[in-house]
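K.L.:
Given only the sequences and the hints, what does the whole structure look like? Please build it.
If you read the sequences in order, they're chains Z and E.
Here the first sequence is numbered in the working numbering, starting from 1 and rising by one per residue.
Here the second sequence is numbered in the working numbering, starting from 1001 and rising by one per residue.
Errors might be hidden in some of the hints.
Per the computed footprint, the stretches of chain Z lying under chain E, defined by three or more beta-carbons under 8 Å from a beta-carbon of chain E, are [to be verified]:
| # | region |
| --- | --- |
| 1 | 75-86 |
| 2 | 100-109 |
| 3 | 117-126 |
Estimated spans, in silico, between C-beta atoms of each pair [claimed, not checked]:
| # | chain 1 | residue 1 | chain 2 | residue 2 | range |
| --- | --- | --- | --- | --- | --- |
| 4 | Z | T125 | E | E1174 | 22 to 30 Å |
| 5 | Z | T194 | E | V1257 | 58 to 66 Å |
| 6 | E | T1039 | Z | R101 | 36 to 44 Å |
| 7 | E | V1114 | Z | T76 | 22 to 30 Å |
| 8 | E | T1125 | Z | S183 | 42 to 50 Å |
| 9 | E | V1114 | Z | N203 | 45 to 53 Å |
| 10 | E | V1114 | Z | G145 | 46 to 54 Å |
| 11 | Z | E81 | E | V1091 | 39 to 47 Å |
| 12 | Z | A187 | E | E1260 | 48 to 56 Å |
| 13 | Z | R101 | E | D1013 | 43 to 51 Å |
Honestly, the hints are just simulated from the structure, not real lab data.
Every value quoted in this text rests on a predicted model; they were computed, and no experiment measured them.
C-beta atoms are modelled at their ideal positions from N, C-alpha and C, and glycine is treated no differently.
Okay, here's what each chain looks like letter by letter:
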Amino acid sequence: MTSPEKGYVLQVDDLDVRYSSEIDVLRGVSFALQPNEIVGLIGASGAGKSTLLRAIQRLVEPSSGSVRLGGTELTTLGSAELRDARRRMGMIFQEHALVDRLTVMENVLCGTLGRTGFWQAIRRTFDAADVTEAFRLLDRMGLDGYQDRRCDELSGGQKQRVGIARALIQDPELLLVDEPTASLDPAASVRIMTLISEVCAENGLAAVINLHDVPLARRFCPRILALHEGRIAFDGPPAGLTDAVLTQVYGEEAVEPHVSRRSSDEVDGAD
Amino acid sequence: MPANARAGDRQWDWHTPAQRRLRLFGTLATTVFLAWAWTHISSRTTWGFVRDAGVQLQDMGLRMFPPEGSYLSALSRPLVDTLHIATLGTVLGVLIAIPLAFLAARTTTPSERVLRPLALLALVTSRSVNSIIWALILVVLVGPGLLAGILAIALRSVGFVGKLVYEAIEEAPELPVTALRTTGAGRAQSLAFGLVPNVLPVMAGVSVYRWEINIREATILGIVGAGGLGMALQSSIDSLAWSRVSVILGVILGTVVVAEWVSARVRKGLA
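P.N.:
Rendered as structure tokens:
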């Protein structure tokens, strides 16, 4: 256990998640994030990547350990304080997790629900400043003019951009990104990862990005965290991801010379 | 004949020998049962009446024809009453059904132990009693007339609308709701924005479909004194005024055709 230190955006210490008494999903996970730090979280399916992000948000309750956001210990918060803490962490999901039958603008403004009153939101009388910010974010996402489109009319990449705008309008300190490219083609994946890196840099955000695609993680994340069976098997820069490390994380098939580091498809096969 | 395919020394059979025996037995048992059922029905039927049916039909048809056209003007009031019973009953039923559906759906109920079983019981009770039985009870409670009809229609509609809506709620995607919770939105907000937009078309479609059914049911409620066309039908049959009965049946047919057309158009537009 490291002691709480100022200067970290996120500090996870000795985190355990147990779904039932027999299966440990996460075991003794510890890491800390500096402001602006972007961490790529890799590991085979079932290694605990999504669970780690969900446990930080407390969508899954940790069984022991500590998660600190800034100076706030999250694991002991009551529901009202937890809502305040969640507003400080923007989450981006694999399947966009948009409300398909609402418009782009409504989906983005959903990111402000944590600070907007219930009836105010129902009557769609959002704060003018939030609407202005939503327009600015849509412009930034390249979705200029899309505000009144219904989300089920958008392409996968466009939906993911709306999801990013919804997370950013929270004005978060940290982004938790769960497989942002899982439903996108390779070119769209690179564009979305570029966009996420850029907005992190522009807003001084730290991010934990869960990726199944090792080449993408190498390319976009200055620091890689690899999970294997719920434990951290590697924590360091991409250059340290040797064949030996990848073998440990994914198994031997992932690092045969002719398939490693070339395209995402082969790495998928190790799942 | 058993379906099978042979490929070299390997054979694939659609059914196992045990399944084939079971199917043969099932076919024989069904045939024997149908033969027995027929002789049973036959022994309890007065075939003389059945042989006479053609003559009776002709006789009744002659008494119904020509329809008493002048009676049509006297039907406008009962027709309007019928439409009122169906429409107001549907509105009232839907207003009760939707809160019950949220209590009954596993994904939204505040209490799985207490409120969910109570809500399910209310929905089953409503469905298990036919409108005409509800009307019989209500005529005793609130007296004959429109109010009894409206309440009967509403009580029967609650179960139908509530069941279909709560099933839609349970099947609606959960991820958008989870995503809104990660923005710091409260439970009510997350459901209002993450779930309700996705089930709104079902709510509207089921309500219109129930309205169409209620038009049909409201035409006969008058038989037990609950107002509308059924009252006119009952008094015409009682007084053997068959030329009026044919006018009423024609009006009912026309009303139902129009209601079904409206219902189909509205539901098509909701997709």
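K.L.:
Now look at each hint and say whether the structure bears it out.
P.N.:
Okay, the hints, checked on the actual structure:
no.	hint	in the structure
1	75-86	holds (count 4)
2	100-109	holds (count 4)
3	117-126	holds (count 3)
4	Z/T125 <-> E/E1174: 22 to 30 Å	28 Å, holds
5	Z/T194 <-> E/V1257: 58 to 66 Å	59 Å, holds
6	E/T1039 <-> Z/R101: 36 to 44 Å	57 Å, violated
7	E/V1114 <-> Z/T76: 22 to 30 Å	29 Å, holds
8	E/T1125 <-> Z/S183: 42 to 50 Å	44 Å, holds
9	E/V1114 <-> Z/N203: 45 to 53 Å	46 Å, holds
10	E/V1114 <-> Z/G145: 46 to 54 Å	50 Å, holds
11	Z/E81 <-> E/V1091: 39 to 47 Å	42 Å, holds
12	Z/A187 <-> E/E1260: 48 to 56 Å	50 Å, holds
13	Z/R101 <-> E/D1013: 43 to 51 Å	47 Å, holds
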